[in-house]
Amino acid sequence: MFIEIEEIAKEFGSERALHPVSLSIPSGALIALLGPSGSGKTTLLRILAGLEFPTSGRVMFDAVDATGLSVQARRAGFVFQHYALFRHMTVFENIAYGLRARKRRERPNEAEIGRRVNRLLDLIQLPDISSRYPSQLSGGQRQRVALARALAIEPHMLLLDEPFGALDAKVRKELRQGLREIHDTTGLTTVFVTHDQEEAMELADLVVVMSMGRIEQIGKPSDIRTHPASEFVRTFTAA
Amino acid sequence: MSEVSSIARTPSVTTEPRLIRTLLIGTVVVLISVLLFAPLIAVFSEALRQGWVAALESLTSPDARAAIGLTLIISAIVVPFNAVFGVAAAWAITKFDFRGKAFLITLIDLPFSVSPVVAGLALVLLFGANSWLGAWLIAHDLKIVFAFPSIVLATLFVTFPFVARELIPVMIEQGRAEEEAALTLGASGWRIFFTVTLPNIRWALLYGVLLCNARAMGEFGAVAVISGKIRGETTTMPIMIEMLYNEYLSVAAFTLAAALALLALVTLVLKSLLEWRYADLLAATRRH
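Residue numbers (the numbering used here), protein chains in the order written: chain C, 1 to 239; chain H, 1 to 288.
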């Protein structure tokens, strides 16, 4: 699915989180929204997911206006910063949640749900943890379970909010590779938010550098390195 | 248990010298014994002063039975109502941002800060014969004051905040992320409430309900003012206890008091049992 963001702006009360920004995300791309805290990157991601609604502007999915579409109708697989796993459910129940929440007509039967959950557990390379609770998992395992849960709904796009933010450096590197592989296998249009320029440069096809609610530059990692569009981009990506 | 003993064995930086520890623990034990256990034991021993038979006899008198029945019915009405209200209020306050939120929280706390007697008087003023509303009610043959409905109203008012107050801090701490996650997974509002929100707050909810129940059964002040204390009709257990005591029927008074205390103890035992039965699950959900 390709995504177009047309002149999206967002205000919280009198505060401007996003000045009108526009962005086209080609189908199947892996995009990083890169910027310091308060740059509006998470707000933009939440607007894509339907968790926040823009004050003005339009969001288009495959050239169809989706601005007013509800969260549920968007089928955006979302990985939260602290994963937001359901703490009272096992890993299996967490991953199956989205399938079981479907309307009866579209809901797969329990055997099929079991097959799909197991396939996802294989995909994240954690086949043996289905009966554990989130509190019994390491940070890296939680992140992967959150990813599997988001993928279980057969999403139209994958959105990740600081997916590696809460992990130590070593696990972070491993999981970065893991996300790249999952993206390449599923072919999903993927947008992730990060404040880590190295992460953005290494992982993404296209990097969107943001600051103070504005997009500073959109480009391939190499282009941004060699031709920073502004002083801000130059200093931020040099760090 | 193992956690406690390991803490005792390896001294940590926050551990005090032995003398201070003994002193602190000793003070707490003495205070609890004097202030909590001694009166409870006194009530039971006073109730049984003339033996089991006399105690049971006083409990089975028509007035005592009416009082026990009334108290149980009142809490059976009030507790579910306030549980539903408490969950709804806590949900609204913690999951949504709206104008006047701080004011709403203050309003919920009102019954905590107002004396129950004042609450009872206010209800008399509102529904009594001298008010416009009261006159209308009497004209339509609806008896509120000095009757069953007034006791329900007074108890509702007094126990209003218990569940909400118990839930709000828990729900604030848990935040909205899990609900948002459920939303992105396609769940409807009701489904999210029953599969995500409610399971996460069940222990706080249970605790709030138990507190609410204990207070609903034990409320005296507001009910004393508004019920009219009509024997066998509008006398709840606490009111009946006071009446018996004032009539120097001390065995009957203390037996009923013991019965009331027992009802409260049953709820506490119930809570401990549930906590013991689900200890693993409880630990799993809290550690996350």
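Don't read these hints as lab results, they were simulated from the structure. The model shown is predicted, which means the values in this text are computed figures rather than measured ones. Treat the hints with caution; some may be incorrect.
Said to hold, decoys possible - Just a sample of chain H residues kept apart from chain C, beta carbon distances all over 10 Å, derived:
#	residue
1	Leu-24
2	Ala-181
3	Ala-182
4	Leu-183
5	Asn-200
6	Val-209
7	Tyr-245
8	Ser-272
To be verified - Computed footprint of chain H on chain C; a stretch qualifies when at least three of its residues, placed anywhere within it, have a C-beta under 8 Å from a C-beta of chain H:
#	stretch
9	22 to 31
10	149 to 159
Every residue gets a Cβ at the ideal spot worked out from N, C-alpha and C, and that includes glycine.
Checked hints:
1. Listed as a non-interface residue, Leu-24/H keeps its Cβ farther than 10 Å from every Cβ of chain C; the least gap is roughly 32 Å.
2. The Cβ of Ala-181/H does not lie farther than 10 Å from every Cβ of chain C; its closest approach is about 4 Å, which violates its non-interface assignment.
3. For Ala-182/H, the condition that its CB be more than 10 Å from all CB atoms of chain C is violated, with the nearest at approximately 7 Å.
4. Leu-183/H, annotated as away from the interface, has a beta carbon of chain C within 10 Å; the closest lies near 4 Å.
5. Look at Asn-200/H: its CB is around 6 Å from the nearest CB on chain C, not clear of 10 Å, so calling it non-interface is violated.
6. Every Cβ of chain C is farther than 10 Å from the Cβ of Val-209/H; the closest lies at roughly 19 Å, confirming the non-interface assignment.
7. Tyr-245/H, annotated as away from the interface, keeps every beta carbon of chain C farther than 10 Å; the closest lies near 47 Å.
8. Every beta carbon of chain C lies more than 10 Å from that of Ser-272/H, the smallest distance being close to 21 Å; the non-interface claim holds.
9. Look at the stretch 22 to 31 of chain C against chain H: 0 of its residues bring a Cβ nearer than 8 Å to a Cβ of that chain, fewer than three, so the hint is violated.
10. With a threshold of 8 Å between beta carbons, the proposed coverage of the stretch 149 to 159 of chain C by chain H holds, since 4 of its residues qualify and at least three are required.
Hint compliance for this structure: hints 2, 3, 4, 5 and 9 are not met, and every other hint is.
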